[in-house]
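Colleague: If you're matching them up, the sequences are chains A and B in order. Under the working numbering, the first sequence has 352 at position 352, and the numbering climbs by one with no breaks. Under the working numbering, the second sequence has 1287 at position 287, and the numbering climbs by one with no breaks.
These aren't lab readings, by the way, just hints derived from the structure by calculation. What you are looking at is a predicted structure, and each value in this text was computed from that prediction instead of being measured. Glycine is no exception: its CB is placed at the ideal position from the N, C-alpha and C atoms. Don't take every hint at face value.
Stated by the list, open to error - Here are a few chain B residues that sit away from chain A, every Cβ distance over 10 Å (derived from the structure):
id : residue
1  : A1045
2  : A1239
3  : S1339
What the hints assert, rightly or not - Residues on chain B that point at chain A, a partial pick, calculated with CB under 7 Å:
id : residue
4  : D1272
5  : N1275
6  : L1334
Protein chains: 2
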Amino acid sequence: MTTSRPVINDPYNAFCQDSDAFLPGEPGGPLEGLTFAAKDIFDVAGHVTGGGNPDWKATHQPASRNAWVVQTLVDAGAAMVGKTITDELTRGIFGENVHYGTPVNPRAPGRVPGGSSSGSASAVAGGLVDFALGSDTGGSVRVPSSFCGLYGLRPTHGLIPLDGILLQAPSYDTIGWFARDIETFARVAEVLFAVKDLDRTRHTRVIIARDAFELAEPAVAEALLPLVRQVGDLCGEAATEVLSPQSLAEWSGHQQVLQSREAWDSVKDWIDTVNPRFSFEVSDRYVTAREITDAQVDAAQAGRDAIVRRMDEVFEGGPTVVCLPSTVSPAPPLGQRVSERHTLRLRNSALTSVAGNTGRPQLSIPAAEVDGLPIGLSLLGNRGSDLALIALAREFVLSRDGAG
Amino acid sequence: MTTSRPVINDPYNAFCQDSDAFLPGEPGGPLEGLTFAAKDIFDVAGHVTGGGNPDWKATHQPASRNAWVVQTLVDAGAAMVGKTITDELTRGIFGENVHYGTPVNPRAPGRVPGGSSSGSASAVAGGLVDFALGSDTGGSVRVPSSFCGLYGLRPTHGLIPLDGILLQAPSYDTIGWFARDIETFARVAEVLFAVKDLDRTRHTRVIIARDAFELAEPAVAEALLPLVRQVGDLCGEAATEVLSPQSLAEWSGHQQVLQSREAWDSVKDWIDTVNPRFSFEVSDRYVTAREITDAQVDAAQAGRDAIVRRMDEVFEGGPTVVCLPSTVSPAPPLGQRVSERHTLRLRNSALTSVAGNTGRPQLSIPAAEVDGLPIGLSLLGNRGSDLALIALAREFVLSRDGAG
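Excised from the complex, chain A in its bound form:
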């Protein structure tokens, strides 16, 4: 066991240059020999959690203990080798941080890595670590998974303890992780879900979410739909359904309202006191959040309740997995205009909010490429079916790669 931090060559600007956080793994655990990185929202004792914003970092004290998830992984033998860059206070899904620079997308040069778990995705995709921790409130694991060609899970809401993590919107916050291969991905899952008695029942029913595929670029739908049919073959039964009687954009609108209100409540006092430097884009989201009325929140909550009921209906009829694109497109170019990113974020949120609003797990699989750029296929399951989703993904990969 070594206690000195290994030197990491970081050609991708994935790691926080101003942190030397390092935790060796306990010998003998199931993850012994693996290295991982943690988005700079996870507490590591003795280090300030920076949250992707220099004023946040400057106005907070070092953490007194490790986040539960970090400690659990280290106890299981994995070595935490560094903190990674995040979008400011996790507000963003593209990964362009104006203070610390944008982590490189090793799979798509000249394009964003996705965010907000940008550095974690970059570090894994670039082979700097075996896996990495992120968080997902509105897509922050699923989007970079899709853009960087990785496995990434938004777990069932509430399943993994969030102690010691700088999060955003409690009723949407989850933590997740990235890996390049399904075997490593599954090993981490067994550790993080070890204390839970999760349902491992095999999925027997696939729903192809027509409205979700219609939101994606045609080339994305074209690339993913044959794979969805393979998933259907594995499960036995497949049907196409429209998830939202209104529109997925309207569903996403409810999350925008509720998540924004929660996000504003979580930092408004700090913002009022510190007057922090944010990118215009991030301030814009907070100002917009501040202006949301209680009546809008009530209406959105009623909308969210209806979404939960509708998705419960979709999941009736046996162990079901819903297939949808992880993102509407592959990674967009770096340096788009603020207004362009805003539009594209909302389009992607229409996909990610299905799991967000219902607390369901969603696993993004590096399934295909469009014009040489990775694109993720998502498996969305019932609450608590996280391990079953991962098992299905493994089965799919084995089958696709000809080993099945």
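We have chain A; now place chain B onto it with these hints.
Modeller: Same frame as chain A, but now just chain B:
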């Protein structure tokens, strides 16, 4: 004539540390021997005009020529010895710049200098230069004049050419200057207004703006009202009037709308392209500005037209000067909450918008102290009466100081 920049000891953080702009004065001119500083919104050939924001500075080229006003002062013999810190893109009246630090108020330690011409006021109040250039769109010369105990003029709108200046809202923008003494102040005026045929008619009528004094803290009104009576004695006739049939806050509201729209229009493309780092407070103002509707602009323009008509009425009956407090209070403490500054800014804007909405000149005189802190008395005159206002101020000072 020397061309090397003199070393400036700057204990007040008034000057831009990242600029070495310097222009020696032409020998033999009426301002020979005087030194001045220019807010970092005035072009100096070969230097990037930074505007108080590092991303503005990083995305702009060096100026190709000097601003008209800078060139005019240098031609008249004054030496430009440095650029001074400004609120970001002149958006603010308190002078707290999160990127470059807050210039010290030499007259009120622990308190803000006022803004947005913060560094210029600080440099003059601290005796680092003889005078300094600022700009005034919504109070950015008058407020720091009041807080730092200086003479400061918002000139008649349109009187001084604005070529080569990074401004904000064309229908409100003016440039002005600060000095510690009325003699220096007047020398600069004679140079800057030399090409104009300004009305020097002596004021014969003083209006005490009751609604303006009612907005000020009681101690401010108490300190200033005896001095107003002295001004009245000098002019011959004095009367108390309520300026606004609605309220000065409503008048200010019209300026908030119109100025905000113009300010947003002037930078929206740059913001959308660059996604600059601003303090939350500054982004907040731009986001709020972006959301202003055309209908709100139309209503505010109608309101502004009515203000112009009402103030024309007030000025009927001979050469008139309106007396009002320059600010509602002395300089507030450093580090107030964003929400507190917002409220206090609006209260001050109710005073400053009278001149702003009508294009009239307003001269702030370092008239009194409240609890040892400077507070300015303002003389608001008719359009083109700038030199007459300065003459009245000189007469007032001579009379007050016992030399009259």
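Colleague: Hints the structure violates: just list their numbers, smallest first.
Modeller: 3 and 6
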